[in-house]
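**Student:** The lines below spell out each chain.
Protein chains: 2
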Amino acid sequence: MGNVKVQKLPTIRRLPTYLYKLSEMRKAGVSIVATPELARYMNLGEIVIRKDLAVTGVTGQPGVGYKVKELIEAIKSYLNWDNSSEAVLVGAGSLGSALLGYEGFEEYGLRIIAAFDASPDKIGTEVHGRTVFDVERLSELARRLQVRMGIICVPAAHAQEVADRMVAGGIRAIWNFANVSLSVPDDVIVQREVIAGGLAVLSVKMNRKLAGEEDAGQLG
Amino acid sequence: MGNVKVQKLPTIRRLPTYLYKLSEMRKAGVSIVATPELARYMNLGEIVIRKDLAVTGVTGQPGVGYKVKELIEAIKSYLNWDNSSEAVLVGAGSLGSALLGYEGFEEYGLRIIAAFDASPDKIGTEVHGRTVFDVERLSELARRLQVRMGIICVPAAHAQEVADRMVAGGIRAIWNFANVSLSVPDDVIVQREVIAGGLAVLSVKMNRKLAGEEDAGQLG
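Quick note, the sequences are listed as chains L and A, same order.
Numbering-wise, the working numbering puts 316 at position 61 of the first sequence, and it's gapless, one number per residue.
Numbering-wise, the working numbering puts 319 at position 64 of the second sequence, and it's gapless, one number per residue.
Warning: the hint list may mix true and false statements.
A pair counts as met if it fits within one copy or between any two copies, since identical chains are not told apart.
[Said to hold, decoys possible] Mimicking DSS-like on lysine-lysine, the simulated pairs with C-alpha atoms at most 27 Å apart in a straight line are:
(1) Lys-464 with Lys-331
(2) Lys-377 with Lys-282
(3) Lys-282 with Lys-464
(4) Lys-324 with Lys-377
(5) Lys-276 with Lys-331
(6) Lys-263 with Lys-276
(7) Lys-306 with Lys-324
(8) Lys-263 with Lys-306
(9) Lys-331 with Lys-377
(10) Lys-282 with Lys-322
(11) Lys-377 with Lys-306
(12) Lys-377 with Lys-276
(13) Lys-377 with Lys-464
(14) Lys-322 with Lys-464
(15) Lys-306 with Lys-282
Just so you know, the hints here were simulated from the structure itself, not pulled from any lab data.
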């Protein structure tokens, strides 16, 4: 079971993108951002921008905008990204390697501290600075490292077995990139990533474009 | 600019997951699926399931359920996945390789026919059966191949340049995995994938879990 109102999910998905833009602005010395500028960047209407940011508890000043620093802190606090979480990743294939090499995660409060794989070719190697351990040791090491989050990047056929090992190792939140629905105890949260979901949005946008209909911007 | 009502995006994102489940059922010889079964699989309420599937124009029979074959066809038709689209992919690093190796895409009507990269180490090699061409040839080959869709998997700093080459080559829909907002002409559609968006949803679910709040299932 998860725990968020379905209606809020698109907003939450967009928050890292706001955070990225705001961090760039702060680095450039900008202290105030107006709603229309955020609307252009996000390719969304100003009303959507205001509703999105309202979830963090920060409201912009009419005619002025949002304080960049305050908004960054509010978003990080809402996402609990002010405290870094540690995770382990299972499946050091191409997708797993891509995630291990993604530099943005640390900024988002996620540190992947170890990787696991079942392939003898991969066990003992390093991928983007993280040692790849034998998946047989997943439960034991997750427990010893006191990690609460696990990322699954193995083929669908092995995902449930990996999830079981994670749960046995005390992991309570699973980010699942395998194309399968996992069975886990009620106190474990699963977030399933379906990459084809983005392709579906692009396909529908293409169809609508041909039909000349309305707009939902670059993000969806 | 894109073209879909913001409210519909979560539904559209979930459609590939329904499609996956329904295809599995059809392979197993199942001809009718009841709403509660789909609700369990999606980890969502039955009302959400009915609203999701209503976008395809198919309505279930009360007390019986949906015809599996009819629903598959309706989803594919809604997503325009009954006609296969061809795409080129730029950036044959780990994420690009992961996408080239993703077997699910063909089922979703997407065929990636060629890859491009700027690195001499990669140009001329094959990744999952696709030849990697020099990105210098992107516009020319996209035009000759009459491809309409491009997938960007390069680092953010190079994404705009790649998008410009795609547009020059006649590409009209871009699936952008780079962490940057692209400037494109109004008649080009961009779908930006922000992987950290899923991490944001998982983080918020974890926080809510600690606080004992409501549920949004495995997908979000």
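**Student:** Decide, hint by hint, whether the structure agrees.
**Tutor:** Against the structure, the hints come out as follows:
Taking identical chains as interchangeable, the C-alpha atoms of Lys-464 and Lys-331 lie at most 27 Å apart only when they sit on different chains, with a minimum of 18 Å there against 35 Å within one chain. For a Cα distance limit of 27 Å, the shortest separation of Lys-377 from Lys-282 qualifies neither inside one copy, at 39 Å, nor across copies, at 34 Å. For the homomeric pair Lys-282 and Lys-464, neither the shortest alpha-carbon distance inside one copy (37 Å) nor that between copies (34 Å) is at most 27 Å. Neither within a single protomer nor between protomers do Lys-324 and Lys-377 lie at most 27 Å apart by alpha-carbon distance, with minima of 42 Å and 41 Å respectively.
In this assembly of identical chains, the alpha carbons of Lys-276 and Lys-331 lie at most 27 Å apart only when taken from the same copy (13 Å versus 35 Å across copies). Taking the shortest alpha-carbon separations for Lys-263 and Lys-276, both the intra-copy value of 21 Å and the inter-copy value of 25 Å come in at or below 27 Å. Taking the closest pair of Cα atoms, Lys-306 and Lys-324 come within 27 Å of each other only inside a single copy of the chain (19 Å); across copies the shortest separation is 39 Å, beyond that limit. In the homo-oligomer, the alpha carbons of Lys-263 and Lys-306 lie at most 27 Å apart both inside one protomer (10 Å) and across protomers (17 Å), since each shortest distance falls under that limit.
In this homomeric assembly, Lys-331 and Lys-377 never come within 27 Å of each other (Cα to Cα): the closest approach is 35 Å inside a single copy and 38 Å across copies. In this homomeric assembly, Lys-282 and Lys-322 come within 27 Å of each other (Cα to Cα) only inside a single copy, at 14 Å, whereas the closest approach across copies is 55 Å. Neither within a single protomer nor between protomers do Lys-377 and Lys-306 lie at most 27 Å apart by alpha-carbon distance, with minima of 46 Å and 45 Å respectively. Proximity of Lys-377 and Lys-276 under a CA criterion of 27 Å is satisfied in neither setting, with 36 Å inside one chain copy and 32 Å between copies.
For a Cα distance limit of 27 Å, the shortest separation of Lys-377 from Lys-464 qualifies neither inside one copy, at 45 Å, nor across copies, at 35 Å. Proximity of Lys-322 to Lys-464 under the C-alpha cut-off of 27 Å is found in neither arrangement, the shortest distances being 36 Å within a copy and 30 Å between copies. Proximity of Lys-306 to Lys-282 under the C-alpha cut-off of 27 Å is restricted to the intra-copy arrangement: shortest distance 25 Å within a copy versus 43 Å between copies.
Checked against the numbered hints listed earlier, the structure breaks hints 2, 3, 4, 9, 11, 12, 13 and 14; every other hint is satisfied.
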